[in-house]
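*Asks:* These are the residues of each chain, in order.
Protein chains: 2
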Amino acid sequence: MPASKRDQLLATAERLFYEQGFHATGIDRIVAAAGVVRMTLYNHFASKEALVAAVLQARHARFIASLEAATAKAPPGHATEALVDAHGRWLELHSRHGCIMAKAMGEFAEHSAELHALAAAAKADLLARIEAAVARDGLDHEDGLARRLFVVLEGSNTTVALLGPQTALSDTRGVIDALLAAVRSRHP
Amino acid sequence: MPASKRDQLLATAERLFYEQGFHATGIDRIVAAAGVVRMTLYNHFASKEALVAAVLQARHARFIASLEAATAKAPPGHATEALVDAHGRWLELHSRHGCIMAKAMGEFAEHSAELHALAAAAKADLLARIEAAVARDGLDHEDGLARRLFVVLEGSNTTVALLGPQTALSDTRGVIDALLAAVRSRHP
DNA sequence: CCTTATATAGACCGTTCTATCTAAATATGA
DNA sequence: TCATATTTAGATAGAACGGTCTATATAAGG
Numbered sequence: 001m002p003a004s005k006r007d008q009l010l011a012t013a014e015r016l017f018y019e020q021g022f023h024a025t026g027i028d029r030i031v032a033a034a035g036v037v038r039m040t041l042y043n044h045f046a047s048k049e050a051l052v053a054a055v056l057q058a059r060h061a062r063f064i065a066s067l068e069a070a071t072a073k074a075p076p077g078h079a080t081e082a083l084v085d086a087h088g089r090w091l092e093l094h095s096r097h098g099c100i101m102a103k104a105m106g107e108f109a110e111h112s113a114e115l116h117a118l119a120a121a122a123k124a125d126l127l128a129r130i131e132a133a134v135a136r137d138g139l140d141h142e143d144g145l146a147r148r149l150f151v152v153l154e155g156s157n158t159t160v161a162l163l164g165p166q167t168a169l170s171d172t173r174g175v176i177d178a179l180l181a182a183v184r185s186r187h188p
Numbered sequence: 001m002p003a004s005k006r007d008q009l010l011a012t013a014e015r016l017f018y019e020q021g022f023h024a025t026g027i028d029r030i031v032a033a034a035g036v037v038r039m040t041l042y043n044h045f046a047s048k049e050a051l052v053a054a055v056l057q058a059r060h061a062r063f064i065a066s067l068e069a070a071t072a073k074a075p076p077g078h079a080t081e082a083l084v085d086a087h088g089r090w091l092e093l094h095s096r097h098g099c100i101m102a103k104a105m106g107e108f109a110e111h112s113a114e115l116h117a118l119a120a121a122a123k124a125d126l127l128a129r130i131e132a133a134v135a136r137d138g139l140d141h142e143d144g145l146a147r148r149l150f151v152v153l154e155g156s157n158t159t160v161a162l163l164g165p166q167t168a169l170s171d172t173r174g175v176i177d178a179l180l181a182a183v184r185s186r187h188p
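Note that the protein sequences, when read in sequence, are chains A and B.
The first sequence begins at 1 in the UniProt record's numbering and counts up one residue at a time.
The second sequence begins at 1 in the UniProt record's numbering and counts up one residue at a time.
If you are wondering where the hints come from, they were derived from the structure by calculation, not from laboratory data.
One thing to keep in mind: the hints can contain errors.
Just so you have them, the derived chain A footprint on chain B, three or more residues with Cβ under 8 angstroms [stated by the list, open to error]: (1) 17-30; (2) 170-178.
Computed far set for chain A versus chain B, every beta-carbon distance over 12 angstroms [what the hints assert, rightly or not]: (3) V36; (4) A50; (5) A65; (6) I100; (7) E114; (8) G138.
Label pairs and their computed distance ranges (CB to CB) [unchecked claim]: (9) B:H78 / A:K73: 41 to 47 angstroms; (10) A:R184 / B:L93: 35 to 41 angstroms; (11) A:A46 / B:S66: 43 to 49 angstroms; (12) B:V37 / A:R15: 37 to 43 angstroms; (13) A:A61 / B:S66: 38 to 44 angstroms; (14) B:E19 / A:P75: 42 to 48 angstroms.
Think of the CB as a built atom: it goes at the ideal place given N, C-alpha and C, for glycine as much as any other residue.
Produce the entire structure from the sequences given, and follow the hints as far as they go.
*Replies:* Structure follows, in structure tokens:
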């Protein structure tokens, strides 16, 4: 079956928002690219802001699902590495031009408290997943390790857009390895 | 002497662009906030795009100057650490809501090749300064160290906006220390 | 003093923006 | 078949957008 108009709109809006920015992408361009008329959009979403919120939520749900799938099947003691690898794969496949949540925070910080909070919550959720993986691996004796991993993954995200996935992910892996090696040498 | 109208415009535009985003900040709001009339802006800048370019260049020049000042007076072998510290001070003082260059890349990627290139060049310049500091400290035998430091500083930038400067800079320092310690243990 | 540059005030242009409305067409399902 | 949603087409609203124009005023420097 063909995708519903609503799904077409979500997918098209996500692509345009991500590539062109939120404020720079008008309703008319979205509906035209989705092959739909403007009233169809307003039939499914109350406003542009509601559409942005739906786009961010859908994308975050997919992102988290791909992380969870990877850590769930990781061998004991390797959840953290599995999460880092899954994060890298996501960047390579779906986030080669920077993080859509970071973009949303930048554009809506003083413009929509709801959207800014939504994007910030997505980032907080990622940090929570890192903390869970670290705890699963029994590494949570190391205070702040999850936050340090978070800093690196955030840097990885923006660096992919600058140096390409090959270089960025390899460098990211180098930093992560140094972090984990330091922890393991302190708690052998 | 009071700041020139041009400088008022640059400072006001930088603040508004940084806080509200580029596309979301209109010419009228800039001139109103700067206490100036619209034609004064167009007398000094050919277009909004030219104004954005001038803002980015001026900000980058200030950023680089503060890094250079710190590394120049660093004791031998400590240029890298001095650069990292100076970077952290910049974030704390002037970049608490994310990186303006990252925002510009996100908003202009498919909208202005010139502005996108300008912001990307600023990022490349930062990487070059890191490479220079690493070389000055005689650490450039470690392949990719500068790029790894770059990844961490990029992550630091976005994390400051999420967790606050105190936590973010402390975590950043933790990652940097692990990286440098690993290098020094391999080349004592 | 007089010239030249800079700034002001404000009208104006065409375009785009988000959002709403109505009326006709098209599916969908009972 | 008939009733109910959904989608389409297109007009319309009011505001904001970037940018230009003219005419007036205000400094600053020779």
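*Asks:* Does each hint hold? Answer for all of them.
*Replies:* Against the structure, the hints come out as follows:
no., hint, result
1, 17-30, "holds (count 5)"
2, 170-178, "holds (count 6)"
3, V36, "21 angstroms, holds"
4, A50, "18 angstroms, holds"
5, A65, "22 angstroms, holds"
6, I100, "9 angstroms, violated"
7, E114, "16 angstroms, holds"
8, G138, "19 angstroms, holds"
9, B:H78 / A:K73: 41 to 47 angstroms, "45 angstroms, holds"
10, A:R184 / B:L93: 35 to 41 angstroms, "36 angstroms, holds"
11, A:A46 / B:S66: 43 to 49 angstroms, "45 angstroms, holds"
12, B:V37 / A:R15: 37 to 43 angstroms, "40 angstroms, holds"
13, A:A61 / B:S66: 38 to 44 angstroms, "41 angstroms, holds"
14, B:E19 / A:P75: 42 to 48 angstroms, "46 angstroms, holds"
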